[in-house]
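Enquirer: Here the protein sequences come in this chain order: A and B. First residue of the first sequence: 95, per my numbering; consecutive thereafter. First residue of the second sequence: 95, per my numbering; consecutive thereafter.
Just to be clear, a hint being listed does not mean it is correct.
Unchecked claim - Cross-link-like lysine-lysine pairs, in silico, DSS-like; alpha carbons within 30 Å at most:
no., chain 1, residue 1, chain 2, residue 2
1, A, 298, B, 159
2, A, 99, B, 298
3, A, 158, A, 295
4, B, 266, B, 159
5, B, 295, B, 266
6, B, 236, A, 247
7, A, 295, B, 236
8, A, 237, B, 237
9, A, 236, A, 99
10, B, 237, B, 159
11, A, 234, B, 298
12, A, 212, B, 234
13, A, 247, B, 237
14, B, 234, A, 237
15, A, 142, A, 99
16, A, 266, A, 99
17, A, 193, A, 152
18, A, 266, B, 247
19, A, 99, B, 247
20, A, 333, A, 152
21, B, 212, B, 99
22, A, 295, A, 159
23, A, 333, A, 247
24, B, 212, A, 247
25, B, 236, B, 152
26, B, 247, B, 171
27, A, 193, A, 177
28, A, 247, B, 247
29, A, 266, A, 295
30, A, 298, B, 171
31, A, 247, B, 266
32, B, 266, A, 295
The hints are simulated quantities; they were obtained by calculation from the structure and are not laboratory data.
Protein chains: 2
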Amino acid sequence: MPSSKPSLHTCLSPSLLSLYDVSNSAVVIIDVLRASSTIATALFNGAKCVIPVDSVAKCIELGKKIDSITAGERDGKIAEGLKYGNSPFEYPRSFIEGKTLVLTTTNGTKLMQLALEKGADHIVTGSFPNLSSLCNHLMKQKKNVLLGCAAWKDRINMEDLLFAGAVIRQIKENYSINCDSSQIAETIYNEAQGDLFDFIKTKKASHYQRLLQYGLERDIRYCLTIDEADVLPFYEDGKLSIHPGS
Amino acid sequence: MPSSKPSLHTCLSPSLLSLYDVSNSAVVIIDVLRASSTIATALFNGAKCVIPVDSVAKCIELGKKIDSITAGERDGKIAEGLKYGNSPFEYPRSFIEGKTLVLTTTNGTKLMQLALEKGADHIVTGSFPNLSSLCNHLMKQKKNVLLGCAAWKDRINMEDLLFAGAVIRQIKENYSINCDSSQIAETIYNEAQGDLFDFIKTKKASHYQRLLQYGLERDIRYCLTIDEADVLPFYEDGKLSIHPGS
Numbered sequence: 095m096p097s098s099k100p101s102l103h104t105c106l107s108p109s110l111l112s113l114y115d116v117s118n119s120a121v122v123i124i125d126v127l128r129a130s131s132t133i134a135t136a137l138f139n140g141a142k143c144v145i146p147v148d149s150v151a152k153c154i155e156l157g158k159k160i161d162s163i164t165a166g167e168r169d170g171k172i173a174e175g176l177k178y179g180n181s182p183f184e185y186p187r188s189f190i191e192g193k194t195l196v197l198t199t200t201n202g203t204k205l206m207q208l209a210l211e212k213g214a215d216h217i218v219t220g221s222f223p224n225l226s227s228l229c230n231h232l233m234k235q236k237k238n239v240l241l242g243c244a245a246w247k248d249r250i251n252m253e254d255l256l257f258a259g260a261v262i263r264q265i266k267e268n269y270s271i272n273c274d275s276s277q278i279a280e281t282i283y284n285e286a287q288g289d290l291f292d293f294i295k296t297k298k299a300s301h302y303q304r305l306l307q308y309g310l311e312r313d314i315r316y317c318l319t320i321d322e323a324d325v326l327p328f329y330e331d332g333k334l335s336i337h338p339g340s
Numbered sequence: 095m096p097s098s099k100p101s102l103h104t105c106l107s108p109s110l111l112s113l114y115d116v117s118n119s120a121v122v123i124i125d126v127l128r129a130s131s132t133i134a135t136a137l138f139n140g141a142k143c144v145i146p147v148d149s150v151a152k153c154i155e156l157g158k159k160i161d162s163i164t165a166g167e168r169d170g171k172i173a174e175g176l177k178y179g180n181s182p183f184e185y186p187r188s189f190i191e192g193k194t195l196v197l198t199t200t201n202g203t204k205l206m207q208l209a210l211e212k213g214a215d216h217i218v219t220g221s222f223p224n225l226s227s228l229c230n231h232l233m234k235q236k237k238n239v240l241l242g243c244a245a246w247k248d249r250i251n252m253e254d255l256l257f258a259g260a261v262i263r264q265i266k267e268n269y270s271i272n273c274d275s276s277q278i279a280e281t282i283y284n285e286a287q288g289d290l291f292d293f294i295k296t297k298k299a300s301h302y303q304r305l306l307q308y309g310l311e312r313d314i315r316y317c318l319t320i321d322e323a324d325v326l327p328f329y330e331d332g333k334l335s336i337h338p339g340s
């Protein structure tokens with residue numbers, strides 16, 4: 095059946111991105127633990143912008159050129175040569191307001207770079223703390239949507255899938271969805287939504303366990319909280335800043 | 095926590111296969127609609143062996159060299175130059191007993207070829223019609239397991255994920271599972287198990303819809319029926335035949 099609705103697809107790993115049409119879609123970068131949650135939080139708390147870079151080296155280099163906060167972790171520790179980490183709690187208004195954050199993360203910033211290389215020209219970021227702003231933006235655009243999960247070193251992860259499911263549940267009536275990954279995501283979200291933290295704990299989600307080992311339960315709980323930093327990070331000219339319409 | 099149990103992983107698309115250790119695992123090729131269901135059925139009905147090949151050209155070539163049935167479909171029709179299709183109903187005992195079936199399919203046979211290229215040396219096939227034989231075999235082996243979903247042209251599909259979930263549900267106590275894809279698969283299967291056909295219909299699974307257009311509802315229902323052709327296809331020397339221990 096032909097449909098006049100725009101399409102919606104979910105890409106569960108950067109390794110699958112080549113299967114999807116990124117250039118004619120609003121591409122949502124999802125890295126729930128923690129890149130996209132931290133980006134929303136920094137902007138919500140008044141950061142001028144967030145510059146995502148896909149390596150520690152680029153982060154250091156850019157930090158030398160512009161007045162900025164350089165941040166990034168590898169294996170749960172602040173990466174050598176950088177000043178701050180990936181936790182949303184590092185970016186309260188008292189610290190980040192008016193500043194530029196240059197951020198590198200293991201998965202989210204890499205997926206964004208990959209989407210750009212593949213021709214994406216409409217990129218936003220999504221996380222539970224900015225779920226409503228994201229959904230409102232997508233529905234206003236009336237264009238195809240690609241929900242891109244950052245995953246963990248290309249392995250599919252539970253929390254990014256869950257977030258894709260949360261978005262689909264909110265906006266699905268407006269889209270034509272012929273995508274099993276999207277159906278899987280929504281089904282899992284429907285089961286999990288009563289208590290997201292308990293769900294990923296019970297399912298022993300791998301990145302949940304990794305962060306827990308680093309003592310980051312508070313981060314995880316925050317990153318699973320809906321609309322705590324409800325702005326829309328929109329990518330333009332190499333920077334993420336709050337979309338004027340959000 | 096160290097674990098003495100072997101590991102179990104689920105790979106949801108051939109595009110992700112490079113992330114997993116195929117050479118130290120029992121690799122299960124899953125192509126529910128319909129390659130792995132048809133393979134189990136042909137062997138259950140007495141086929142001497144099934145030779146999986148990854149292209150129509152190879153299928154034709156081999157058919158000229160050995161006394162065999164050549165089979166394969168593309169876009170729902172028997173491929174040009176081949177004699178039979180991918181439906182399990184084409185291989186009743188009265189037809190297939192004692193014969194060699196050379197089979198090419200869009201996804202399943204390709205995944206098997208890829209696994210071989212990556213060094214897999216223990217390959218079996220899995221489908222709902224041979225679920226119990228597969229689970230019994232895996233548990234006897236006491237080695238790592240990789241559940242490999244054939245997907246559809248690399249896109250993750252619902253029915254292969256469901257079958258992975260069915261296996262996990264049966265054998266999980268014997269394995270150490272640190273794999274979100276496996277958790278996702280089991281969660282979905284638990285929700286679907288009451289009526290698998292109704293589930294994939296409700297979720298508008300993409301390949302279900304494709305086959306339905308070709309008038310293949312009967313095939314789909316059969317391919318979702320547990321233990322109807324309960325043998326274990328085991329790959330050795332280029333052929334799938336019934337594992338002696340099954």
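Enquirer: Next step is simple, just say for each hint if it's right about the structure.
Expert: Do the hints match the structure? See the list:
no. : hint          : result
1   : A/298 x B/159 : violated, 51 Å
2   : A/99 x B/298  : holds, 17 Å
3   : A/158 x A/295 : violated, 40 Å
4   : B/266 x B/159 : violated, 43 Å
5   : B/295 x B/266 : holds, 27 Å
6   : B/236 x A/247 : holds, 28 Å
7   : A/295 x B/236 : holds, 27 Å
8   : A/237 x B/237 : violated, 48 Å
9   : A/236 x A/99  : holds, 8 Å
10  : B/237 x B/159 : violated, 37 Å
11  : A/234 x B/298 : holds, 26 Å
12  : A/212 x B/234 : violated, 46 Å
13  : A/247 x B/237 : holds, 25 Å
14  : B/234 x A/237 : violated, 52 Å
15  : A/142 x A/99  : violated, 35 Å
16  : A/266 x A/99  : holds, 10 Å
17  : A/193 x A/152 : holds, 18 Å
18  : A/266 x B/247 : holds, 24 Å
19  : A/99 x B/247  : holds, 24 Å
20  : A/333 x A/152 : holds, 14 Å
21  : B/212 x B/99  : holds, 24 Å
22  : A/295 x A/159 : violated, 42 Å
23  : A/333 x A/247 : holds, 23 Å
24  : B/212 x A/247 : holds, 19 Å
25  : B/236 x B/152 : violated, 35 Å
26  : B/247 x B/171 : holds, 17 Å
27  : A/193 x A/177 : holds, 14 Å
28  : A/247 x B/247 : holds, 22 Å
29  : A/266 x A/295 : holds, 27 Å
30  : A/298 x B/171 : violated, 43 Å
31  : A/247 x B/266 : holds, 24 Å
32  : B/266 x A/295 : holds, 17 Å
The structure is inconsistent with the numbered hints 1, 3, 4, 8, 10, 12, 14, 15, 22, 25 and 30, although it conforms to all the rest.
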